[in-house]
Amino acid sequence: MTSNNRQSATGQAARTCQFKMVLLGESAVGKSSLVLRFVKGQFHEYQESTIGAAFLTQTVSVDDITVKLELWDTAGQERYHSLAPMYYRGAQAAIVVYDITNADTFSRAKVWVKELQRQAAPNIVIALAGNKADLTAKRQVEVADAQSYAEENGLIFMETSAKTSMNVNDIFMAIAKKLPKTQDTSNANGGRGRSNDGQSITVSRSSTQRVPGNEGGCCGGK
Amino acid sequence: MVDFIISRKLTNSDELISRLESLPSYGNLIQNTDEPALFDDEQEPQSGLIDFIRRNSTAEPSTIDSPNIIGTEDSIEDDITTNETASTPITATNSADELRNQENDDNYELHLNLLKSRVKHLFILSENGKPVFTRYGDEDQLVTLMGVMQTLVSFAEIAQSSRLNYLKAGPCRIAFLHREPFVFVLVTHTNEHSMCLLQQLTYVYHQIISTLTLSRIKQKFNAQPNFDIRRWLSNAERKLLHNIIDMYEHDLGMLMTSARCLILPANIRGQIGQTVAQTIRGQQDMLFAIILAHGQLVSIARLRNYHLHPSDLYLLINLVNSTDAFKGVESWVPVCLPRFDPGGCFHAHISYLDDSCDVCLVLLTVNPEHFQILSDYKQVIHEKLRKQNLTIQIKLALDKTRLLTDEIACSDLRYFAYKSRGLSQYISSKLLQPYVTNEQHVRLFELIRYVYGRLHNRNHNLKIVYLKAEYESLLAWLAPGFELHVVFSPYATLETVTQCTDRILSYIKREESQLFIIRCEYF
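Chains as they are written, first to last, in UniProt numbering: chain A, 1 to 222; chain B, 1 to 523.
Check each hint, because a few of them may be wrong.
[To be verified] Derived SDA-like pairs (lysine to any residue); straight-line CA-CA distance at most 20 Å: (1) B:400 - B:268; (2) A:40 - B:355; (3) B:327 - A:107; (4) B:239 - A:40.
[As the list claims (entries may be wrong)] Not everything, but these chain A residues come out facing chain B in the computed CB check (under 7 Å): (5) 48; (6) 143; (7) 144.
In case anyone wonders, no lab produced these hints; they're calculated from the structure. Yeah, the Cβ is synthetic: ideal placement off N, Cα and C, and Gly gets one too.
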C-alpha cells in the first residue's frame, strides 16, 4: 500500500480523491481496533482507550482512482460527545460502530446515525458496523434487526471483526466505492488542506480543476 | 534515631552553613541569569486567558466561557512533631498494587482491612458527599466513609466558617482540599509535611480539571447537583489520576515544581529548538511546542510573553505517559492547563517523531480548528529533525544512562537532586542501591519530602536542614539561586558532606549547559 502524499498527487496522471471519514460509537465497541486493522493490519486484544481523537490516513484504489481516506477515530467516552461535531463536520463518510454483544451500544449507534442525518453534511455516506462478530456466543443484537434498520435508513451495513479481520477491508472499500468521485463544492472543506481554518473559500465549480492551495475533498483530475 | 541540625539552633549547624557558604563553587552558582525564564513558577493562573488569545488572533467567536474561580492558597500550620521517627519504613507500600487489584471484591470486611492498612489513601468526593474516586478499593463500598468526610468538611465551613485543612488522628494524618465542586482527602501514616500532602492533592485536582475542564464540570453540577461525575471518568481518566498520584511519589520535580531536562549537548538542543521555532514562526494561535522523551524535556519553544508552568508540564507528561493510544497516530486532544487558565482549553496535537515512539512532540494551540495546520507543522518538524540527524541524537542521549553520582566520585554520596531556581529546572542522579526497589524509592522520597517541608516552612525561615536518619543522612540547602537535596550514607562526616557538596556544585556549574535549557526559543 503506497501512501499518497501531495507531491505525488500533483505529479500523477491518475485521479486522486481525498475524503474525510469519521468513526463514531459507544466506548469499547472497537472503533480504534477497526481502524488499526484497516490501516496497519494490527490487532491488540487490549487496545487502550482513545483520548480525544486519533487521526490516520489510508490510501485505497477504487476503479483506477486513488482514494485517500483521512480517518478520524474518535473517543467513545461520554465526556467527549460534545466534541463530536468538530470531527464529523465536513466529513464525507462515517462509520457508526456498535458491539454485537451489547444491545446498549446498538441503541447508542442509532442515536449517532440520527445525529449525523440531522447535523452532518447532507450527502454523507454512513455505514453501520456490528463489530466483534467473532463473539457469536455472546450475541445480543440480531443480524436481521441491524440489517433492517440499516435498510430503512439507507446505510451500508456489515458485521465486522477487527480480531479476525472479517469484513474490515470490505466495509471501508464499500464506503470508498459509494463516495461520489466527482463531487464538488459541498465537501471542499473536508480535506487535509488548510482550507478549514474557519475562513471561507471560493471553490471552482469545475470538478476536474483543483483549487489552488486547496486539495481538500474534491477529486483533482491533474 | 533522629538528630536534627537546624540552622542557628546548634553550634554544629552554624559550622555546616559557614562551610557550605564559603565553598568556591557556591559563589559561582548563586547569580541568576539575565535570560528570560523558560518557565515561570510564580505565574498566577489567569482565567479567560485562552479566550483572550483566541479572540485576538482570529475573528472567530469564542465558545468557551471562563468563570473566574481560583482558590486562594491557605497556609497550613506546621504541626509535625519532630520527635517522631522520620524514617518510618513504609511496610505496606508493597501490597499496594495487590490491593488495587481487589477493586471488584465485594467483601466488606476486606474493604475495612484495606482502609486500616498503612497505604497512602486518596479519596475524591463531590461536595454533596458522592464518591468519585478512591486510590485503593472500590468507591462504591465507601459511601458511608465519604459521607463522614463530607460532613467534617462542611461542618468546619458552616459552624466554624473556616476551612478544614488537616487532621491528626493517632498515627494517621488526614489532609483535606476543598475545591469546588470536589473534596480531596489524603490519609497517610508517614511523616510527610502537610504542605506536600496538600501539593499532591492539588496535582490530583489539576489532573481532573485538565481532562474535564473546570467550566464544564461547574456547568454540569449547576444544572444537575446530583450528577455522578464518574460517568465522565472512564478507565483512561482514572489511569491518569492513579498515575499522577504515583508520579508524585516517584518524582522530585513535581515536589520542587521544576522540569527535568534530557541531558543533551547545548548545540544539539539549540538546533532542535531553532528548527521547531522556525517552522512555527508567525503563528498567533499556537502557544507552545514541546518535545518530550521518556518524560524528560528535550526542548520547548513558545510564543513570546506566555509561560508554561512546570506543574502544567507535568500534566502533559502524565497524559503522554499514561497511554499507548498516542503511538503510531496523530492525536487531537482538548486539554486544560489549570496554571495557565483554569477556565479555558488548549487543543493538543500529540504525535511521536520516531518509529519506536520514544520522542514525542506536543503542539498546543488555542484554536480547535487548527488540526491541519499543526499536522503540517508536525510533518515539517519531523522531516527537518530527521534530516539533520537530530532525532537520532535525542535517542542516543536517551540510551546513554548517566548516573551522575559516579561523575562526582564521592563514596558517601548516594543521591542528589539540584534545582536551579532561576530556570525552574532540576537534575537528579540516578537512584542506585539501596534505593532500586520501589519500596525503598518511595521511602527515600518520603524522607526527602519531610526534609523539604521543614526547609520550606515559612515560619522557620531555614537555609539548611541536615537530617541524620537511621539508614541515611540528608542535606537540604536552600540558596538564593538553587535548591539542593543530597543523600549520604549515615556515616558521612561533616568533612565529607562539605567536600561532596562542593563537587556537586562544581560539576553542575561545569555541565550546566547540557543539564538545563538555558535559552528560550520563540516562534
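Taking the hints in turn, this is what the structure says about them:
| no. | hint | result |
| --- | --- | --- |
| 1 | B:400 - B:268 | 15 Å, holds |
| 2 | A:40 - B:355 | 13 Å, holds |
| 3 | B:327 - A:107 | 31 Å, violated |
| 4 | B:239 - A:40 | 26 Å, violated |
| 5 | 48 | 4 Å, holds |
| 6 | 143 | 29 Å, violated |
| 7 | 144 | 32 Å, violated |
Figure legend: structure checked against the earlier numbered hints; hints not met, in rising order: 3, 4, 6, 7.
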